[in-house]
Amino acid sequence: MGARTLFDKVWTAHEVVPETADTPAVLYVDLHLIHEVTSPQAFSVLKSLDLRVRRPDRTLATMDHSTPTVSDQVFGKIPIKVDAAAKQVRQLESNAAEFGVELFDMRDARRGIVHVISPELGCTQPGMTIVCGDSHTSTHGAFGALAFGIGTTEVGHVFATQCLLQRKPKTFAVNVEGELRPGVTAKDLILHIIGRIGVSGGTGHVLEYRGSTIRALSMDERMTICNMSIEAGARAGMVAPDETTFEYLKGKPRAPQGAEWNAAVARWRALCSDPDARFDASVDIDASTLEPMITYGTNPGMVMPLGGAIPEITGNAVYDKALGYMGFHGGEVMLGKPVDVVFIGSCTNGRLADLTAAAGILKGRKVAAGVKLLIVPGSQQVKRAAEELGLAQIFKDAGADWRESGCSMCLGMNGDTVGAGQYSVSTSNRNFEGRQGVGARTLLVSPLTAAATAVRGRIADPREFS
Amino acid sequence: MEPLERVKSKTVVIASTNIDTDQIIPARFLTTTTKDGLGRQLFADWRYLADGAPNPDFILNRPEAAGCRVLVAGRNFGCGSSREHAPWALLDYGIRAVISTEIADIFKNNALKNGLLPITVDGATAKWLMDNPGAEVDIDLVAARVTLPNGAATAFSIEAFARHCLLHGIDELGYLRSKLDLIESYEAARRW
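From first to last, the protein sequence lines stand for chains A and B.
Just so you know, the numbering used here puts 126 at position 126 of the first sequence, and the rest follows in order with no gaps.
Here the numbering used here = 1-based position in the second sequence + 1000.
Everything labelled a hint here was simulated from the structure, so no lab data went into it.
Heads up, a few of these hints could be off.
[Said to hold, decoys possible] Calculated lysine-lysine pairs in the DSSO-like style (CA-CA distance at most 30 Å, straight line):
1. A/Lys-321 to A/Lys-396
2. B/Lys-1010 to A/Lys-168
3. A/Lys-170 to B/Lys-1127
4. B/Lys-1179 to A/Lys-321
5. A/Lys-321 to A/Lys-337
6. A/Lys-321 to B/Lys-1010
7. A/Lys-9 to A/Lys-252
8. A/Lys-81 to A/Lys-396
9. A/Lys-337 to A/Lys-250
10. A/Lys-170 to B/Lys-1179
11. A/Lys-9 to B/Lys-1127
12. A/Lys-81 to A/Lys-47
13. A/Lys-337 to A/Lys-363
14. A/Lys-252 to A/Lys-372
15. A/Lys-47 to B/Lys-1179
16. A/Lys-396 to A/Lys-372
17. A/Lys-9 to A/Lys-337
18. A/Lys-321 to A/Lys-77
19. A/Lys-77 to A/Lys-337
20. A/Lys-81 to B/Lys-1179
21. A/Lys-87 to A/Lys-77
22. B/Lys-1010 to B/Lys-1035
23. A/Lys-87 to B/Lys-1127
24. A/Lys-47 to B/Lys-1035
25. A/Lys-9 to A/Lys-170
26. A/Lys-321 to A/Lys-81
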């Protein structure tokens, strides 16, 4: 066997039937994560065909996308405000009970955003195949898993067979070298990468993030990177597991324990691309010169250094439409622009490290008058940890709105929305038109830049606070 | 699923690149638990004004778009979220094929599983289609070829098994379930 990439190794280990010219591979799924929004129609298919969930032991359900973040609604003191969301919650409860799927329901202390809870429970492990009816499933690739988003029809396929029909994607090496400067985060790095390769640069490929910069990142940071692979068009992004990965997983409730742990780590150590493995595409990134980044348009590839000016492009209708929507024009400086809302949270930046970074700036300071700062932890466990560490108190003292966990204002399904025409500086992953509310204008940034902006009330450089 | 061999229709053109699934159907409409009726919300934020009235400037609200079953769109159509509500909304509205120079991976998969044809063509063909909105095109899935009214024919690539299933109305789940014995053997042989 020739030299193989990390992706090749994980893919091959899960081929029940390899692909041929006429038929795609039958690929085995180790872990199937589900939530209330993209599962109902798949359960309906099972019911109509009188089928069961074949491997409920490999299926895990949570509620995150349309769920409220207001405590009284979460814990049932008052009804869930969005009726249709309440119906989705009830339907997942009844489907999970009927099909024997483990569910972290609204009152469960382990509930949270699906891509935050699976790693923190130790369910996400190196070498696994992981799928979910959500495009940010790429997050789990940070552990050296092959993890990607699927549609609801495919959710049904996995329910019924624990497998998917898949064509083997190509491989794409993202080589990142150099030390990130103070104030420059994993979020800035992935925004830079997306700007560099483009929002469809990774289409048809699985990205592997490699190099000294990636090796130096924590698991929370690697998850931020892999999370946004889909914003470059790649269904999956991967990082080879190493001591950082093992250290993170050790002792997690669903991670292997005792002798099984040692055997698992021995197996996981082989999960890396061979030195002479060939990739179908590659890009080299120098991380040492990066600045904090911010988006200025209506997709994550329309991104620029925070201290720079919006690029001036003539004769491009799409660029004109995007800038028209944002209320910007080419050549404008971004720093100092007033904002209405700051959102810190999401599967991109809703983990404890993100909240800790934001708290470093917010400590002893106040949110600027007229600005709403919404901070939504990625999971109930993150929430509890942030409260125990005093971060929540820092946020409340600063005047932030501190909520229960969920996807919240990242996609505005649950009523947490940004008003038409308002500017939202957000740590989430998508700045599409209307993503955070009809007419909302989203600027994607790191948690540091978000916190600095909340304090100033204007787009601000976090390095001013160091 | 009904067998599908051919889509012959006038085109409607939305030239924007990177049309994401939040534009195709905004997230606030995903609180449904069925697939029905999503066509009403297709391109909702472009199609309707703030008061809910149709936006007269949006192409789908113009008389020439009536009955069009082929959507021609800019590069990287369907990027973003994995929501299958996007092809469900397009189909419910009446669209049976999307033509672009590039179509996002998850959207393409979802489309194929629902009988919506994702057709990727070369830049010259796409430009001709963009420049000639309303052109009558003939998409032949048997030959994997799209023919323009000027007689020019362009081959398109489509995943072989998905094409086979579409042509014969085969449900992929049935095929996967026919492999259950192999799946069980795989599980038994796994040592972890």
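Taking the hints in turn, this is what the structure says about them:
no., hint, result
1, A/Lys-321 to A/Lys-396, "violated, 38 Å"
2, B/Lys-1010 to A/Lys-168, "violated, 35 Å"
3, A/Lys-170 to B/Lys-1127, "holds, 28 Å"
4, B/Lys-1179 to A/Lys-321, "violated, 49 Å"
5, A/Lys-321 to A/Lys-337, "holds, 20 Å"
6, A/Lys-321 to B/Lys-1010, "holds, 26 Å"
7, A/Lys-9 to A/Lys-252, "holds, 25 Å"
8, A/Lys-81 to A/Lys-396, "holds, 24 Å"
9, A/Lys-337 to A/Lys-250, "violated, 44 Å"
10, A/Lys-170 to B/Lys-1179, "holds, 25 Å"
11, A/Lys-9 to B/Lys-1127, "violated, 41 Å"
12, A/Lys-81 to A/Lys-47, "holds, 29 Å"
13, A/Lys-337 to A/Lys-363, "holds, 23 Å"
14, A/Lys-252 to A/Lys-372, "violated, 35 Å"
15, A/Lys-47 to B/Lys-1179, "holds, 21 Å"
16, A/Lys-396 to A/Lys-372, "holds, 12 Å"
17, A/Lys-9 to A/Lys-337, "violated, 48 Å"
18, A/Lys-321 to A/Lys-77, "violated, 44 Å"
19, A/Lys-77 to A/Lys-337, "violated, 40 Å"
20, A/Lys-81 to B/Lys-1179, "violated, 45 Å"
21, A/Lys-87 to A/Lys-77, "holds, 17 Å"
22, B/Lys-1010 to B/Lys-1035, "holds, 26 Å"
23, A/Lys-87 to B/Lys-1127, "violated, 45 Å"
24, A/Lys-47 to B/Lys-1035, "holds, 15 Å"
25, A/Lys-9 to A/Lys-170, "holds, 13 Å"
26, A/Lys-321 to A/Lys-81, "violated, 34 Å"
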